[in-house]
Amino acid sequence: MRKEIILLIRKEMVLEWRQKYAINGILLYVISAVFITYLSMGVGQGNLSVPVWNALYWIIILFSAVNAVAKSFVQEHQARQLYYYMIASPEAIILSKTIYNTLLTLILAVLGYLVFGVVFGNPVADKPMFILNLLLGAMGFSASLTMVSAIASKAGNNGTLMAILSFPVLIPILLMAIQVSKNAIDGLDREINVEKIVTLLAINAIVTACSYILFPYLWRS
Amino acid sequence: MKAYWWKILAIALLAYTVIAGLLIDVPRLPILNETIRALFFHVTMWFGMILMLVVAVYYGIRHLRTGELQHDDMAVEFTNSAILFGVIGISTGMVWAKFTWGDYWTNDPKLNASAIGLLMYFAYLVLRNSLTDVYQRAKISAVYSIFAFAAFIPLIFILPRLTDSLHPGNGGNPGFNAYDMDSNLRKVFYPAILGWTLLGAWISTVRVRTRRLERKMEDKLINL
Chain A
1 MRKEIILLIR
11 KEMVLEWRQK
21 YAINGILLYV
31 ISAVFITYLS
41 MGVGQGNLSV
51 PVWNALYWII
61 ILFSAVNAVA
71 KSFVQEHQAR
81 QLYYYMIASP
91 EAIILSKTIY
101 NTLLTLILAV
111 LGYLVFGVVF
121 GNPVADKPMF
131 ILNLLLGAMG
141 FSASLTMVSA
151 IASKAGNNGT
161 LMAILSFPVL
171 IPILLMAIQV
181 SKNAIDGLDR
191 EINVEKIVTL
201 LAINAIVTAC
211 SYILFPYLWR
221 S
Chain B
1 MKAYWWKILA
11 IALLAYTVIA
21 GLLIDVPRLP
31 ILNETIRALF
41 FHVTMWFGMI
51 LMLVVAVYYG
61 IRHLRTGELQ
71 HDDMAVEFTN
81 SAILFGVIGI
91 STGMVWAKFT
101 WGDYWTNDPK
111 LNASAIGLLM
121 YFAYLVLRNS
131 LTDVYQRAKI
141 SAVYSIFAFA
151 AFIPLIFILP
161 RLTDSLHPGN
171 GGNPGFNAYD
181 MDSNLRKVFY
191 PAILGWTLLG
201 AWISTVRVRT
211 RRLERKMEDK
221 LINL
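Here the protein sequences line up with chains A and B, keeping their order.
The first sequence begins at 1 in full-length UniProt numbering and counts up by one.
The second sequence begins at 1 in full-length UniProt numbering and counts up by one.
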């Protein structure tokens, strides 16, 4: 099982590397989104208040993550999917895609953070906490988005469906991540965050477990 | 009698809820005053909704295990009634909020959680309509409904507890917590939950039956 997952993750990476336009496109998406936000907020007035900084950042990450993960079940042809169907177990496929998408979302989030920091200034006081929170948020986002993109791909995969199916599911994760990141930016005592991080972890675990259990039914149809 | 005793029970319980809910003595609390009676008509909607969603998820799981369409009928109709209850719950809540909190919509975690829940299940209906094959529709929507329910439960039960809510019983508001919810209120509250849920189940089963009849008629037309 573990070998299978590692192989599948490597396959995803090789595929991504071969057609670089997808990853480059999504990276550019993040940068342009941040820049558009910067221009819309009024150039020169640069200083955003912390809650606004935080909210804008997470909204941009949310939209880029939805766009990045949406393709995970469509980029491959029907015939190739059939091939995977024969050689790999569905559990390995969903786990490998989830892990790969976590990496992708994490890269997006870190890139977004860097660009945000350059353009808007970096107010984060507790950086390790912020990064840990990014990691947890990326895990949650990719776990639910991978499952939703599998569902949406069965239904003809239009962008609207992906968005409306995923947003409500993502909201609990987003809310917890925003709260933790707000505390990290303010540099509050880490003890305050413990409960929230545990909740975030629990939500991630629930979502991952659900997609692990439910994905085989989707895959078979 | 065996088959429909619960319908009679539903009528009796609801009649009791309406009459007793409007007439019994209620504790007078600041701000809440007489609006505490919303407990029987608004709060019970949410309990009914959650119970019916649980039933829908149960039938969704049964559908995934057996692949039979009759379980899917139950799942979708119970979800429909749950959505109906949710909409009623949110609109009664808005009217109540206007009189007690002064606004139709406040930034309250419980309000937001219920609105998100409704968004989730509206998305479920859109997903169903976007699929044309009956079996595929049943299977994929069952998967989404279980997945959404798993995300919805932490939302309504965990998140409101992490931040202060304006709802009675939370964060220093006057309300029906252990001390205030006196036995008089309880006497109506629990039967009301049961009554409304039974009514929802009744609506769902009627709709399931029409759905099955329609399918039968279609089959007949095709096989003619």
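Derived by calculation from the structure, the hints in this document are not laboratory data.
For clarity, every value in this text was computed on a predicted model and none was experimentally measured.
Among the clues, some could well be false.
Computed cross-link-like contacts, DSSO-like style, restricted to lysine-lysine with a CA-CA straight-line distance of at most 30 Å [said to hold, decoys possible]:
#: 1; chain 1: A; residue 1: Lys71; chain 2: A; residue 2: Lys20
#: 2; chain 1: A; residue 1: Lys127; chain 2: A; residue 2: Lys196
#: 3; chain 1: B; residue 1: Lys187; chain 2: A; residue 2: Lys196
#: 4; chain 1: A; residue 1: Lys3; chain 2: A; residue 2: Lys20
#: 5; chain 1: B; residue 1: Lys110; chain 2: A; residue 2: Lys182
#: 6; chain 1: A; residue 1: Lys3; chain 2: A; residue 2: Lys71
Just the calculated beta-carbon pair ranges, DEER-fashion [to be verified]:
#: 7; chain 1: A; residue 1: Pro216; chain 2: B; residue 2: Leu125; range: 19 to 27 Å
#: 8; chain 1: B; residue 1: Met217; chain 2: A; residue 2: Gly156; range: 50 to 58 Å
#: 9; chain 1: A; residue 1: Ser40; chain 2: B; residue 2: Met217; range: 53 to 61 Å
#: 10; chain 1: B; residue 1: Tyr4; chain 2: A; residue 2: Ala209; range: 36 to 44 Å
#: 11; chain 1: B; residue 1: Val134; chain 2: A; residue 2: Ile23; range: 50 to 58 Å
#: 12; chain 1: A; residue 1: Asp186; chain 2: B; residue 2: Thr106; range: 19 to 27 Å
#: 13; chain 1: B; residue 1: Ile222; chain 2: A; residue 2: Leu103; range: 43 to 51 Å
#: 14; chain 1: B; residue 1: Trp105; chain 2: A; residue 2: Tyr83; range: 47 to 55 Å
#: 15; chain 1: B; residue 1: Thr106; chain 2: A; residue 2: Glu16; range: 54 to 62 Å
#: 16; chain 1: B; residue 1: Leu221; chain 2: A; residue 2: Ser89; range: 52 to 60 Å
#: 17; chain 1: A; residue 1: Ala205; chain 2: B; residue 2: Ile88; range: 32 to 40 Å
Don't be surprised by glycine CBs; every beta carbon is placed ideally from N, CA and C.
For each hint, the structure was consulted:
no.	hint	verdict
1	A:Lys71 / A:Lys20	holds (14 Å)
2	A:Lys127 / A:Lys196	holds (17 Å)
3	B:Lys187 / A:Lys196	violated (37 Å)
4	A:Lys3 / A:Lys20	holds (26 Å)
5	B:Lys110 / A:Lys182	holds (21 Å)
6	A:Lys3 / A:Lys71	holds (24 Å)
7	A:Pro216 / B:Leu125: 19 to 27 Å	holds (25 Å)
8	B:Met217 / A:Gly156: 50 to 58 Å	violated (28 Å)
9	A:Ser40 / B:Met217: 53 to 61 Å	holds (56 Å)
10	B:Tyr4 / A:Ala209: 36 to 44 Å	holds (40 Å)
11	B:Val134 / A:Ile23: 50 to 58 Å	violated (39 Å)
12	A:Asp186 / B:Thr106: 19 to 27 Å	holds (25 Å)
13	B:Ile222 / A:Leu103: 43 to 51 Å	holds (50 Å)
14	B:Trp105 / A:Tyr83: 47 to 55 Å	holds (51 Å)
15	B:Thr106 / A:Glu16: 54 to 62 Å	violated (45 Å)
16	B:Leu221 / A:Ser89: 52 to 60 Å	violated (42 Å)
17	A:Ala205 / B:Ile88: 32 to 40 Å	holds (34 Å)
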